[in-house]
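J.: Take a look at the letters that make up each chain.
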Amino acid sequence: MEPWIETYRGAVSPWETDVTEHFTVAFYFDRIAMAEASLAAELGLGETLRAGGFARRYDVRYARELRAGSAFHIESAALSTEAGVRLGHRFVDSVTGEAITWFDVHWDGVAATVPDSRIAGDWDGPEFETRADPKDLARLIPTAAGRVQPGDLDEFGRMGICGIVHKFTDSSVQIGAAIGLTADYIKTGRRGFSTFEFRVRVAAESVGLGDIYRNRTGIAHLGNSSLRFLHVMSDPKTGREIARLGQFGVTLDLDKRRPAGLAPELRERAERLVLPT
Amino acid sequence: MPWIETYRGAASPWECDVTEHFTLAFYVDRIAMAEATLAEGLGLLGMLREGGFARRYDVRLARELRAGSAFHIESAATRGDGSLRLGHRVVDSVSGEVATWFDGYWDGVDAKPPAEGLARWNGPDFAPRPEPTDLARLIPSMAGRVQPGDLDEFGRMGLAGMVHKFSDAAVQFGAAIGLTADYIKTARRSFSAFELRLRIARSPGLGEAYRIDTGLAHLGNTSLRYLHVMRDPTTGREIARADRYGVQLDLDARRPAPLAPELRERAQRLLLPMG
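Protein chains in written order, with the numbering used here: chain H, 1 to 277; chain P, 1 to 275.
FYI, nobody ran anything at the bench for these hints, they're computed from the structure.
Here the structure is a predicted model, which is why all the values come from computation and not from measurement.
Do not take every clue at face value.
[Unchecked claim] Facing chain P, according to a computed beta carbon distance under 7 Å, are these residues of chain H, among others:
#, residue
1, Val19
2, Gln174
3, Thr182
4, Gly208
5, Gly210
[Claimed, not checked] The following label-pair restraints were derived from C-beta to C-beta distances:
#, chain 1, residue 1, chain 2, residue 2, range
6, P, Ala127, H, Arg9, 53 to 59 Å
7, H, His221, P, Ile4, 32 to 38 Å
8, P, Pro258, H, Pro259, 43 to 49 Å
9, H, Gly109, P, Gly52, 44 to 50 Å
10, P, Ala62, H, Ser13, 29 to 35 Å
11, P, Ile4, H, Glu98, 47 to 53 Å
12, H, Gly239, P, Ala111, 28 to 34 Å
13, P, Ala111, H, Ser225, 50 to 56 Å
14, P, Asp232, H, Gly208, 30 to 36 Å
15, H, Glu98, P, Ala62, 44 to 50 Å
16, P, Ala253, H, Gly109, 46 to 52 Å
Idealized CB from N, CA, C, for every residue including glycine.
Produce the entire structure from the sequences given, and follow the hints as far as they go.
T.: In structure tokens, the structure reads:
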């Protein structure tokens, strides 16, 4: 058995694309949840994943877009079992054979034994530099709230990574609207927000059906065309953090598919939401 | 705690319909969450979980939400004597305007929130509408079985699951009068609801069969009223009904547009006798 195995193959459905007119990030995670479970089963870690109870980190680099009708597959491998389990996944455009998105995943504190022959030594994904999160989260604004619904659950009956990212996507729409990147502006101005990097942190204690969540968001970086949103999902009853996402992206010219500078009126609004770092 | 925020999020593109706006069933998907959160705040979540009472929802859709719209929901108990009345307002998070009102009733539930917990309802009044005297002329518009994706957090067919089926019934009924997918695409006309009266007698469970029959309860110049009745096909027992008032919409001008003569002619044949 090769270290790299194919863990998913399929396509992008038109209803899985967003207002930026490409495959929306939450559906990448829908597929990664499957890929992760298939890889775990292959490595003899299926029950570890099912039992849960450990924190997970997903560092993601989106290098090229997938759009409605794109055919793609996922290749996955264990990268390390030192100081926790590290798994790699790469999304491959099934037409060109190019790797277009990388997921560098850590299961924190999980002690596992995997044969050396199953550890891939040829990870070709990017290095993820450390990004400082703001110390003071008091200026985050409310961006999502709701209850965990049946469609949010994963195959293990907990709120899944796809469900979590869908809520963060709602938060992204809300913070976008707060700085003027509204549905109307996107449609008439032909500008959207396109993500190139994700840092997802999921706490060890998961949430289940009917549990309440609240998301709050701030801006951790504001460049010429680039923005980094910090979203924090928590339990409003206890204040316990459920997950957080650092979302790095650019405002995109929807026709040229290239980064575009923020309009002055949007920049002014965004500046008010920048967090102290 | 009169009005509390019970949901915050956005309309996704895949939640929009051929009328190119946020489809009704997804409003209701969010209202189901808002209702459960409000019930929890009022100490009534156990009652909602248990079910066994009829529910009514009178809905006024005042402004459209479209793909990428940011919105939130504010909810409150508005009456507690005899039947519990719960109000929800769907607010455009950008403009702060109320886009949609939901006036909900739990029939026969004699829960009495404290007086200071009751809010004043500032939504529209919903006047009674004439009812058809004979449902024999309804036509079949939907049939299926309750699937896992139709269930709510309590394991029964949820509000959103039901309204999705009524939306299918509306598409079928629209096609029967000539408002077909091709016509919508080429003529740039579609049906847009501005009012919904939803009555739920009971909530079926996984694998139960249902069928919906539909008729026309009103035909105006631009306006139509669809009446959908969902039943258990084995017993004939009513599960729910949806009374949907709307207009034919010019998809570009986003304004009501009169029905074309050939569609009007077909629609007239499906009019129900009214009391």
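J.: Taking the hints in turn, state whether each one holds.
T.: Taking the hints in turn, this is what the structure says about them:
no.: 1; hint: Val19; in the structure: holds, 4 Å
no.: 2; hint: Gln174; in the structure: holds, 5 Å
no.: 3; hint: Thr182; in the structure: holds, 5 Å
no.: 4; hint: Gly208; in the structure: violated, 10 Å
no.: 5; hint: Gly210; in the structure: holds, 5 Å
no.: 6; hint: P:Ala127 - H:Arg9: 53 to 59 Å; in the structure: holds, 56 Å
no.: 7; hint: H:His221 - P:Ile4: 32 to 38 Å; in the structure: holds, 33 Å
no.: 8; hint: P:Pro258 - H:Pro259: 43 to 49 Å; in the structure: holds, 46 Å
no.: 9; hint: H:Gly109 - P:Gly52: 44 to 50 Å; in the structure: holds, 46 Å
no.: 10; hint: P:Ala62 - H:Ser13: 29 to 35 Å; in the structure: holds, 32 Å
no.: 11; hint: P:Ile4 - H:Glu98: 47 to 53 Å; in the structure: holds, 49 Å
no.: 12; hint: H:Gly239 - P:Ala111: 28 to 34 Å; in the structure: holds, 29 Å
no.: 13; hint: P:Ala111 - H:Ser225: 50 to 56 Å; in the structure: holds, 53 Å
no.: 14; hint: P:Asp232 - H:Gly208: 30 to 36 Å; in the structure: holds, 31 Å
no.: 15; hint: H:Glu98 - P:Ala62: 44 to 50 Å; in the structure: holds, 48 Å
no.: 16; hint: P:Ala253 - H:Gly109: 46 to 52 Å; in the structure: violated, 59 Å
In summary, the numbered hints that this structure violates are 4 and 16.
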